[in-house]
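S.K.: Chain B: place on chain A using the hints.
There are 2 protein chains.
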Amino acid sequence: MKRKPQSEEELLTLIRRELPPVDSSVMTGIGDDCAVIRSAGRAGSLELLKTDALVEGIHFIPGTPLDKVGWKALCRPLSDIASMGGSPLHALITVAAPATWNTSAWRALYRGIGKAARQFGVSVVGGETVQSPGPLFLSIALTGSVPKRNRKLRSGAKSGDLICVTGKLGGAFKSGRHLNFHPRVAEGRWLGGENAVTAMMDLSDGLGSDLPKLARESHCSFRIAPDCIPLHKECSVGEGISDGEDYELLLTVNPRLWPSLQSRWGQASPRLALTPIGVILAHGEQCTPLTKGYDHLA
Amino acid sequence: MKRKPQSEEELLTLIRRELPPVDSSVMTGIGDDCAVIRSAGRAGSLELLKTDALVEGIHFIPGTPLDKVGWKALCRPLSDIASMGGSPLHALITVAAPATWNTSAWRALYRGIGKAARQFGVSVVGGETVQSPGPLFLSIALTGSVPKRNRKLRSGAKSGDLICVTGKLGGAFKSGRHLNFHPRVAEGRWLGGENAVTAMMDLSDGLGSDLPKLARESHCSFRIAPDCIPLHKECSVGEGISDGEDYELLLTVNPRLWPSLQSRWGQASPRLALTPIGVILAHGEQCTPLTKGYDHLA
Chain A
591 MKRKPQSEEE
601 LLTLIRRELP
611 PVDSSVMTGI
621 GDDCAVIRSA
631 GRAGSLELLK
641 TDALVEGIHF
651 IPGTPLDKVG
661 WKALCRPLSD
671 IASMGGSPLH
681 ALITVAAPAT
691 WNTSAWRALY
701 RGIGKAARQF
711 GVSVVGGETV
721 QSPGPLFLSI
731 ALTGSVPKRN
741 RKLRSGAKSG
751 DLICVTGKLG
761 GAFKSGRHLN
771 FHPRVAEGRW
781 LGGENAVTAM
791 MDLSDGLGSD
801 LPKLARESHC
811 SFRIAPDCIP
821 LHKECSVGEG
831 ISDGEDYELL
841 LTVNPRLWPS
851 LQSRWGQASP
861 RLALTPIGVI
871 LAHGEQCTPL
881 TKGYDHLA
Chain B
591 MKRKPQSEEE
601 LLTLIRRELP
611 PVDSSVMTGI
621 GDDCAVIRSA
631 GRAGSLELLK
641 TDALVEGIHF
651 IPGTPLDKVG
661 WKALCRPLSD
671 IASMGGSPLH
681 ALITVAAPAT
691 WNTSAWRALY
701 RGIGKAARQF
711 GVSVVGGETV
721 QSPGPLFLSI
731 ALTGSVPKRN
741 RKLRSGAKSG
751 DLICVTGKLG
761 GAFKSGRHLN
771 FHPRVAEGRW
781 LGGENAVTAM
791 MDLSDGLGSD
801 LPKLARESHC
811 SFRIAPDCIP
821 LHKECSVGEG
831 ISDGEDYELL
841 LTVNPRLWPS
851 LQSRWGQASP
861 RLALTPIGVI
871 LAHGEQCTPL
881 TKGYDHLA
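As they're listed, the protein sequences go chains A and B.
Quick note, the first sequence lines up with residues 591 to 888 if you use our numbering.
Quick note, the second sequence lines up with residues 591 to 888 if you use our numbering.
Keep in mind that the hints were calculated from the coordinates and are not lab data.
Watch out, some of these pointers could steer you wrong.
Which copy? The list can't say, so a pair holds if one copy fits it or any two copies do.
[As the list claims (entries may be wrong)] Under the rule of at most 27 angstroms between Cα atoms (straight-line distance), these lysine-lysine pairs were calculated in the DSSO-like manner: (1) K658 to K594; (2) K658 to K592; (3) K764 to K748; (4) K705 to K594; (5) K592 to K705; (6) K738 to K764; (7) K658 to K748; (8) K658 to K738.
This is chain A alone, in the form it adopts within the complex (with noise of 0.2 angstroms):
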């Protein structure tokens, strides 16, 4: 009997091997938030590719508004497009619907996807309706651009720097949140253009997921202050680590050049707080335990 793949990682080990090399264009590949590619031409230009996901009865459950869902299915790769310091460009659209669906049905979940679209500024360009024989099923491809020196990677983090959130966190799916929530576009956008701001993702999976990752790929360890994470109404730290959905921007600092950063914040965006929850260690360092947020395979 074969064996299933215990996580997220050891799948993605499993899939590069099969896949031919990438082209020299690719500057990131399978990994990060988006895909970056150096774009022929456009000199200080870079372009993102993100595609993303939604599954009735795994990301929303069956009855939810198909207005919300449509909102959400983009709103989730907006929010990895943020998450790199760039701007949102064009969108192609999945659906796989049940063959019972009329055509309210169809206006309604594309009323939320016109909705974010308007909202976010993307060109919806294509994309594809067919039927599903199962749940309702939506993925989403978004093109992005950000100019070369704003891109922000998982990567970046150095010992010392300060770890800080947009926002606050947790239950989300009680809440509803999940489904209204806003990607931080042009919060992301501007501190694509902080060069305080060492390493940038959004919280999909939960702090307490995304952060490991985060200090993985920069090859750090680092510390939290629970106490410092900044909460919603009646959620407790442990949701606040271990709840998915935030959708906030997870980032680190410069100190030196915190200072600077956070007066400027507060002028760009008063009314979104930028928090720092911890520092960023040297690698083998004893890292903060967390508990786990989402891992489908897990």
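M.R.: Just chain B, lined up with the frame of chain A:
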């Protein structure tokens, strides 16, 4: 009781109405084989975007060897990039697989994807694996590029143009060819460089469904000589017209330039036929009646 969309066309109209206008870089949005984007700073070159989904039980039967599923999944959007006269670049692979999949199932799927990526020069740069509570679902987003003057659309056919197809048609399902076809990537790129070619698309839903789409986008009618349709062994003319998944190229050719194109094609692609099967007529003339190909909503 709300009604269901009666056709893909009606559904597309409904979808378009819910979405905001596209930005000025979009030259071709929803409706052609690929989206076509003007790239900032790349004067002579256009960006192509395509997404394509495969659903178990719809596009392949349960139990199909997974390496063949992987091959087909990447080769389908490759056929669309080819049909624009373009070259493929980067792919994002989304797989929703049953939780029961073991490592050799994953390996087989990605072996097929990897084989196609290697053969046609595609870099796989990202994607996602999620759990499916239902059937296997694959969605592939593919980028490509095409020199601006090589781009072929469905809308360029003119009255008097010859209608041609590459290769032979019919029987892709019963022969199993729908699992191991070769997308016409080199041939499409070659035809893209030919001024004689006025419109092009790939044959995925069957000639009887796809030719009317090309004619509609070109505001033309058509006449076909059914006896001229090149058929696979043991296929009837009816199957050549209405079977889907041929993944050959359907193109229209300026008749004055046909003799020269034909002779150079014979040198460039000696092993693949390029066959005239009819002629484009002015808008409003009577079209040859064709048995419709596949429309998943009809």
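S.K.: State for each hint whether it applies.
M.R.: To see whether the hints hold, each was checked on the structure:
no., hint, in the structure
1, K658 to K594, "between (34 angstroms within a copy, 21 angstroms between copies)"
2, K658 to K592, "between (39 angstroms within a copy, 20 angstroms between copies)"
3, K764 to K748, "neither (35 angstroms within a copy, 59 angstroms between copies)"
4, K705 to K594, "between (40 angstroms within a copy, 23 angstroms between copies)"
5, K592 to K705, "between (45 angstroms within a copy, 23 angstroms between copies)"
6, K738 to K764, "neither (39 angstroms within a copy, 50 angstroms between copies)"
7, K658 to K748, "neither (39 angstroms within a copy, 45 angstroms between copies)"
8, K658 to K738, "neither (34 angstroms within a copy, 39 angstroms between copies)"
Going through the hint list in order, the structure does not satisfy hints 3, 6, 7 and 8.
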